[in-house]
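Trainee: Let the hints inform the model, and build the full structure from the sequences given.
Residues per chain, in single letters:
Number of protein chains: 4
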Amino acid sequence: MGIYQHIKQEAFEANMQLPALGLVLFTFGNVSAADRSLGVFAIKPSGVPYKELSPEKMVIVDFEGKVIEGSLRPSSDTKTHAVLYKNWESVNGIVHTHSTYATAWAQSQRDIPIYGTTHADHLTVDIPCAAPMDDEMIRGDYEHETGHQIINCLNERGLHYREIEMILVGNHAPFTWGKTADKAVYNSAVLESVAQMALLTEQINPEVQRLKASLIKKHFERKHGPRSYYGQ
Amino acid sequence: MGIYQHIKQEAFEANMQLPALGLVLFTFGNVSAADRSLGVFAIKPSGVPYKELSPEKMVIVDFEGKVIEGSLRPSSDTKTHAVLYKNWESVNGIVHTHSTYATAWAQSQRDIPIYGTTHADHLTVDIPCAAPMDDEMIRGDYEHETGHQIINCLNERGLHYREIEMILVGNHAPFTWGKTADKAVYNSAVLESVAQMALLTEQINPEVQRLKASLIKKHFERKHGPRSYYGQ
Amino acid sequence: MGIYQHIKQEAFEANMQLPALGLVLFTFGNVSAADRSLGVFAIKPSGVPYKELSPEKMVIVDFEGKVIEGSLRPSSDTKTHAVLYKNWESVNGIVHTHSTYATAWAQSQRDIPIYGTTHADHLTVDIPCAAPMDDEMIRGDYEHETGHQIINCLNERGLHYREIEMILVGNHAPFTWGKTADKAVYNSAVLESVAQMALLTEQINPEVQRLKASLIKKHFERKHGPRSYYGQ
Amino acid sequence: MGIYQHIKQEAFEANMQLPALGLVLFTFGNVSAADRSLGVFAIKPSGVPYKELSPEKMVIVDFEGKVIEGSLRPSSDTKTHAVLYKNWESVNGIVHTHSTYATAWAQSQRDIPIYGTTHADHLTVDIPCAAPMDDEMIRGDYEHETGHQIINCLNERGLHYREIEMILVGNHAPFTWGKTADKAVYNSAVLESVAQMALLTEQINPEVQRLKASLIKKHFERKHGPRSYYGQ
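Protein chains in written order, with the UniProt record's numbering: chain A, 1 to 232; chain B, 1 to 232; chain C, 1 to 232; chain D, 1 to 232.
FYI, nobody ran anything at the bench for these hints, they're computed from the structure. For every residue, glycine included, the Cβ atom is placed at its ideal position computed from N, Cα and C. Honestly, I wouldn't trust all of these hints.
Said to hold, decoys possible - If you want the footprint, here are the derived chain A segments under chain D, 3+ residues with CB under 8 angstroms: (1) 24-37; (2) 99-110; (3) 132-140; (4) 169-179.
To be verified - With a Cα cut of at most 30 angstroms, we get these calculated DSSO-like pairs of lysine-lysine: (5) A/LYS218 to B/LYS66; (6) A/LYS218 to A/LYS179; (7) C/LYS51 to B/LYS223; (8) D/LYS217 to A/LYS66.
What the hints assert, rightly or not - Some chain B residues flagged as far from chain C (calculated, every beta-carbon gap over 12 angstroms): (9) GLY39; (10) TYR50; (11) GLY158; (12) ARG222.
Mentor: Take a look at the structure:
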């Protein structure tokens, strides 16, 4: 039992939730779980089918993106995870998927408008879609820059990663995060559901308006505020 | 075996139908079952995943919303259930979900038009979408007021809760009810199916008209009237 | 072992395919299987959930719609089945469902245009949508008249029930048939798939044209003509 | 153990993936696996349900479309497979399905525009939709000509079968291929997912633009170039 066993186990279990929740086709997704006291995270190896995964196959990487332990190559998105862990100190889990509806919104380069309380139970603003990177960033260290693109998008909009745990990367796909890998997976599933309902809402009523401020406030507070009581 | 065992069991079984019918993601839903002779209902505890539920975990609450028995916190929507039970004397089961299509209609703030016999087999009017609450109600006792919003909507439209067992709460999601918890769950699944087919109907034919009166009358009577004979 | 055992078994197995193929919610569908030498058909009892069905519960009915054997009430659509069997001598299986996409087209009161070879592998014309019945027929013997509405629709369009084994009843839902109950169920699944693809086709290209005559002819003949060779 | 056992096994396993991946209804699809040293391929027999398949039932056919071994009739699309194997020397697996979204695009006679990185991870251009065949080809050796229609479409557009492993045949449905039968099945599932997301993308943003060249180049190279490192 190595010192990384707990995050390997956590990353493994969180990765296995992705196919169970219908969020991935083949290997189009990855989850990592961090231990901040050790300064590392465990992440899915690259290209390994979900049914062949095991905790032992997880790769241990530090916050600079350097492999610390593991014989397999880490996910190709590893540098994006590393940048986010390095910059966001209370995040311990990150998920990337190409889930159908969230990816379609990302491809459309539109923020997901806040149309209902399902959305407001989780965040008080539209789910941001970061602009596609400029050509210089793309030609550079691409996955590393993807992390910075995400961070810059939140900063430019005055959003904090503790309050908003999901984003779309324009033309690409969603990333979500949280205090644990499990919470980050939860956020991926919520995002996919909210993304589907937002499209349907616009199809049912093309003139639909965003949720009014009082309802946004109420629903967010009952789940997140100091007097939160929500759980359904 | 406590005196509430029968409604705990009924509420448990009805809650477990929600994921089986594809009506909930995670814990986004709840079912309650009432015993009017005892003046209480059993309801899902708040935030407990479906796979960890058991009859013993159900919480017993009276029609004022006061917890009578149970160590877990009841669903955050408990006060809405309580208000409806208090005001609607023949209702013994209530369901709340965020099912995809019904919630999209709620977010769109549109009634679901009666386009076919699947709808008419269950109710003779458009499925109403109650207006979002005004800001004062939202800031007040929110879940309690949600119950009154539902009751007021039916009253304003001259509808009776025995004839129409489903409603959308604008910007939020659907509620359904019935003589038993099982019937209320059935109504939630019917509502989701009718909601999906209504959107598809408008997409196939944007000029589609509501079902004509003679067909509405015929289908409803064969299922509900004194000479009902329907069951498929 | 009664003399009706074979059609009870056939009807039972065919009915059980409906939920397996995703064509029914609860009891919203029924299949019958006929034996023309005995002049009867076996049909699903009314309102019995699929998981409680068994061959013994099937009801035996003659082509006038009279119950011959069975303690349960036959499906409320029994008279429609009876009329079709009486008038269409080579049909031995009939299916009625409220499957999502086919029902949405029926509610839209539009024929399903022939857009591709999946459709042409099964029939050479648009899938007809019979007009809703006039008010007199609705007030009369409704399910009996539904059968006549189907027959009249085919006659008016010069179509033969051996060449086209599926129809939409306007505002209501689809009926399919075939030489066996199994083939009728197959046709219901094909119809649902063709209905979904036709809507998607129009959404992708609102200017799409019907399949050209040469392709319709080729695909139908390779599956149905004297020189048929199709099977995939 | 015959000399064809390995490709029979490979074709069998690849065929069985189609229903598991939700790409076929009934028998609406087929996979073949080739052995170029033997100059033959193994293909699904015509009209046999997936649950009755076994490696022994696969039919061995040469690249002229002649049956070499097997008592069952080969898939009706066998000649299309043969033409492609004969002309494309590094292809060892071919798949044909009528999967829902890819078929809807084929029926719409539109190429699938490259809207995101999921698409760009697999090919750098729009997924081509070959024009429907002219009437003379249709009346001729239809399945043989379907193969030529596919080859001609790529040639006219200056595309190479090694770089683009999927195509839509106008009014009909998709074909995919690859170095192995398994890779060809993978491509069919990717195509179906990309086809669904492309439609959703246009619905969310009717003004959406194609992916910019720098992102197409980056994503394709990280998966396919000499310095590829992608696997998720």
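Trainee: Against this structure, judge whether each hint is valid.
Mentor: Checked hints:
Only when three residues or more bring their CB closer than 8 angstroms to a CB of chain D does the claim for the segment 24-37 of chain A stand; here the count is 6, and the claim holds. Note: the segment 99-110 of chain A has 10 residues with beta-carbon separation from chain D under 8 angstroms; the three-residue rule is met and the coverage holds. Only residues whose C-beta sits within less than 8 angstroms of a C-beta in chain D count toward coverage, and the segment 132-140 of chain A has 5 of them, enough to reach three; the restraint holds. Counting residues of the segment 169-179 of chain A whose beta carbon lies closer than 8 angstroms to any beta carbon of chain D gives 3, which reaches the threshold of three, so the coverage claim holds.
Under the criterion of a C-alpha separation no larger than 30 angstroms, the hint pairing A/LYS218 with B/LYS66 is consistent with the structure, at around 22 angstroms. In summary, the hint linking A/LYS218 to A/LYS179 is supported, as the alpha carbons are separated by about 23 angstroms, within the 30 angstroms threshold. This hinted pair checks out: C/LYS51 and B/LYS223 have alpha carbons roughly 22 angstroms apart, not beyond 30 angstroms. With a CA separation close to 26 angstroms, the supplied pair D/LYS217 and A/LYS66 stays within the 30 angstroms bound.
Remark: the non-interface label on B/GLY39 is consistent with the geometry, its nearest Cβ contact in chain C lying 31 angstroms away (cut-off 12 angstroms). Distance to chain C confirms B/TYR50 as a non-interface residue, since its nearest Cβ pair spans about 20 angstroms, more than 12 angstroms. With a minimum CB-CB distance of about 25 angstroms to chain C, B/GLY158 clears the 12 angstroms threshold, and the non-interface call stands. Against chain C, the non-interface label of B/ARG222 is violated: not every CB pair exceeds 12 angstroms, the least being about 7 angstroms.
Of the hints listed earlier, the one the structure fails to meet is number 12.
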